[in-house]
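Novice: Chain by chain, the residues run as shown.
There are 2 protein chains.
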Amino acid sequence: MNDTVLDALRPGAVIGIVGGGQLGRMLSIAAANLGFRTHIYCPDADSPAFDVAYQHTVAAYDDYEALLRFVASVDVVTYEFENVPHRAAQVIANERPLFPDAEALATTQDRYTEKSFLRDLGIPLADFARVDSIADLEEAVATLGRPSVLKTRRFGYDGKGQVMIRTETDLTQAFQSLLQQPSVLEAFVPFEREVSVVAARSRGGQFAAFDVTENRHENHVLRTSTVPANLSASASKEALAIARKVADALNYVGVIGVEMFVVKDGGKDRILVNELAPRVHNSGHWTQDCAVTSQFEQHIRAIAGWPLGSPARLGRAEMTNLLGEEALDWRKIAAEPGAHLHLYGKAQVKRGRKMGHVNRLKPD
Amino acid sequence: MNDTVLDALRPGAVIGIVGGGQLGRMLSIAAANLGFRTHIYCPDADSPAFDVAYQHTVAAYDDYEALLRFVASVDVVTYEFENVPHRAAQVIANERPLFPDAEALATTQDRYTEKSFLRDLGIPLADFARVDSIADLEEAVATLGRPSVLKTRRFGYDGKGQVMIRTETDLTQAFQSLLQQPSVLEAFVPFEREVSVVAARSRGGQFAAFDVTENRHENHVLRTSTVPANLSASASKEALAIARKVADALNYVGVIGVEMFVVKDGGKDRILVNELAPRVHNSGHWTQDCAVTSQFEQHIRAIAGWPLGSPARLGRAEMTNLLGEEALDWRKIAAEPGAHLHLYGKAQVKRGRKMGHVNRLKPD
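Going line by line, the protein sequences match chains A and B. Position 261, counted from 1, in the first sequence is what the UniProt record's numbering calls 261; the numbers after and before it change by one each time, with no gaps. Position 53, counted from 1, in the second sequence is what the UniProt record's numbering calls 53; the numbers after and before it change by one each time, with no gaps.
Be aware that a few hints might be false.
If chains are identical, the list can't say which one is meant, so a pair holds when it fits in one copy or spans any two.
To be verified - Below are the SDA-like pairs computed for lysine to any residue, each with C-alpha atoms no more than 25 Å apart in a straight line:
id	residue 1	residue 2
1	K362	A339
2	K354	A59
3	K268	N230
4	K160	D127
5	K268	R351
6	K362	A209
7	K245	N219
8	K362	P337
9	K354	G12
10	K362	L314
11	K362	N230
12	K362	A312
13	K332	S202
14	K245	F117
15	K354	G21
16	K354	A8
17	K362	R313
18	K332	G305
No lab work stands behind these hints, which were simulated from the structure alone.
Isolated chain A, as found in the complex (with noise of 0.2 Å):
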């Protein structure tokens, strides 16, 4: 279907969002907002965007009658989560045009399948290497030296499905504690700091970056995100050309987040990448108040085949993820003058589970 010419898609038209988190709830916002509906799929019947959608299923991502019945009622299907299944991917894209689409998917779900492609695209990141058995691990710890990280090739977010490879690090428990799962060896990144650039492409290759932003995270989750980074003008330049690569070699239709370490070499700023997000993606929220178009508007153009809005940004931001029991301070943000307080909508405070985040926009 994705190869076919389409035309733009008309208000009232219905986008099919895969995953119900708070990226599909600020999706479906965004989208209503341009006079799209939005039909929500997700396994979970308590998902926050089901409040704002027109309609939602709850079915098993392999449940492919559940699945086509979701298609059959959208125009457009795009997804808010990397992990949809290739399959489940397969069979929307029979029916429907998927945004990104699955062969974006399917390259950016597996971090051995993304290295490997930005390895031959030329774009400079850590050394890896496939592990499989523990003959593998050993083998590429020979290679990669220690300290080094050991990653799941699937399913891994927020420090999930990783573990730290130190001189006295055991490799076979290592392997184990991932459920000896297919996996990646990475060499240890000594790391400056970490910026992102997420950026758009529309369906006729027009590409619009936000400016590079700046992430702090603690325990691996997201903190806070910075705008503009501290960066030089030549890497910050280099960062956005990296993500136009990227975006451009997968025939990119979407946002897309491109997480990067920054490292000093020789006093000189140098970007590597760590990892693709094919979606919206957390470290782009400060955009919602601080720029003139909203990461969620620009994916909701892209994907309907507009054109893309302006990144610009209108200030200095800063957003703050609110994870856990710093949502219940709702009150005190809410009374602070300017800043912009953003709530998900779940009902269970778990620890370090993203409640919301709060934009806050400085003068330039």
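Put chain B on the given structure of chain A with help from the hints.
Specialist: This is chain B only, laid out in the frame that chain A set:
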């Protein structure tokens, strides 16, 4: 219920909204953004607000069984239009907090009651007289002169339910054209321009007004709103003071729209109040993209017992309504850099129907 001391509404609470048009839709989106759920009540099965609501009820306003079920499912109730029948408002207010309250609603949904309230408060407005019969009309015209404007006390909007009394107008015919409904005759105001104040008052009496907005109507329907209004500083101050006085006198909770005429009086701008809208107001739509807090979020904050947000303006703003077929220009507007397009998801394009609006922000 409104006299008891109420706690602030917690995220996750359900806000009931009576009326399912575009205002209800945009309120629902704003509520979701703060972590609330909404339940929309509307007799029209095709209501734009349903698309973004957690729950909706299709039932008549005098279906008290349905109304009670609706009320039982929510934590607080508000409305998006002033023609909620008084009895329905009372049924609601008996069970749950209703904001703005039933008294504010009763005062503002009847032109004669509203004008009497304003006059008693010492607010400047055009002379007016109550008209219940042809004899009343003849007497009123003898006093207020021609031209003057005859308007039904209730259910008028966008120029509907009103007739101009000119030199040649036959009074019997004029009154009959309004189906001899209880009406008000207003002295004609040769205004320079029309402006409005959109403001909010919190449960605790905190007041926050957006800047005075200048409004241009065509065929009695709002065409554009621009901010700041072309108005002297003293007149602007007076306009804001009037809005505050009105809100305080009504012990108002929520966003209120105060429509005003500006007349030249010996070279000086003088303000006359035209009418009140006990709800978010079309002339406040610019706040979505051009103010720190939108009028929709501000209304939700007020009725939820949250602190009001900053009403500060981000620059010069212009809002243009998209009426009828103008909304078919979405492609062109979407391609305009920096134009913020909002579409209401209305399936049927009708001549003059409000289909959406576009906000444009320029540096101050």
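Novice: Does each hint fit the structure? Answer for all of them.
Specialist: Hints and how they fare:
1. Proximity of K362 and A339 under a CA criterion of 25 Å is satisfied in both settings, with 10 Å inside one chain copy and 22 Å between copies.
2. Taking the shortest Cα distances, K354 and A59 sit within 25 Å of each other inside one copy (23 Å), while across copies they are farther apart (37 Å).
3. With identical chains, the CA atoms of K268 and N230 are at most 25 Å apart within one copy only, with a shortest distance of 13 Å there and 53 Å across copies.
4. Taking identical chains as interchangeable, the C-alpha atoms of K160 and D127 lie at most 25 Å apart only when both belong to the same chain, with a minimum of 21 Å there against 72 Å between chains.
5. In this homomeric assembly, K268 and R351 never come within 25 Å of each other (Cα to Cα): the closest approach is 39 Å inside a single copy and 62 Å across copies.
6. In the homo-oligomer, the alpha carbons of K362 and A209 lie at most 25 Å apart both inside one protomer (21 Å) and across protomers (22 Å), since each shortest distance falls under that limit.
7. In this assembly of identical chains, K245 and N219 lie within 25 Å of each other by CA distance neither inside one copy nor across copies; the values are 31 Å within and 52 Å between.
8. Taking the closest pair of Cα atoms, K362 and P337 come within 25 Å of each other both inside a single copy (11 Å) and across two copies (23 Å).
9. Taking the shortest alpha-carbon separations for K354 and G12, only the inter-copy value of 15 Å comes in at or below 25 Å, while the best intra-copy value is 31 Å.
10. Proximity of K362 and L314 under a CA criterion of 25 Å is satisfied in both settings, with 9 Å inside one chain copy and 12 Å between copies.
11. With identical chains, the CA atoms of K362 and N230 are at most 25 Å apart within one copy only, with a shortest distance of 16 Å there and 28 Å across copies.
12. Both within a single protomer and between protomers do K362 and A312 lie at most 25 Å apart by alpha-carbon distance, with minima of 15 Å and 13 Å respectively.
13. For the homomeric pair K332 and S202, the shortest alpha-carbon distance between copies (16 Å) is at most 25 Å, but the shortest distance inside one copy (40 Å) is not.
14. Within a single copy, K245 and F117 get their C-alpha atoms as close as 12 Å, which meets the 25 Å cut-off; across copies the closest is 66 Å, which misses it.
15. Taking the shortest alpha-carbon separations for K354 and G21, only the intra-copy value of 10 Å comes in at or below 25 Å, while the best inter-copy value is 32 Å.
16. For a Cα distance limit of 25 Å, the shortest separation of K354 from A8 across copies, 23 Å, qualifies, whereas the shortest one inside one copy, 34 Å, does not.
17. With identical chains, the CA atoms of K362 and R313 are at most 25 Å apart both within one copy (11 Å) and between copies (14 Å).
18. For the homomeric pair K332 and G305, the shortest alpha-carbon distance between copies (13 Å) is at most 25 Å, but the shortest distance inside one copy (41 Å) is not.
Consistency note: the structure conflicts with the earlier hints numbered 5, 7.
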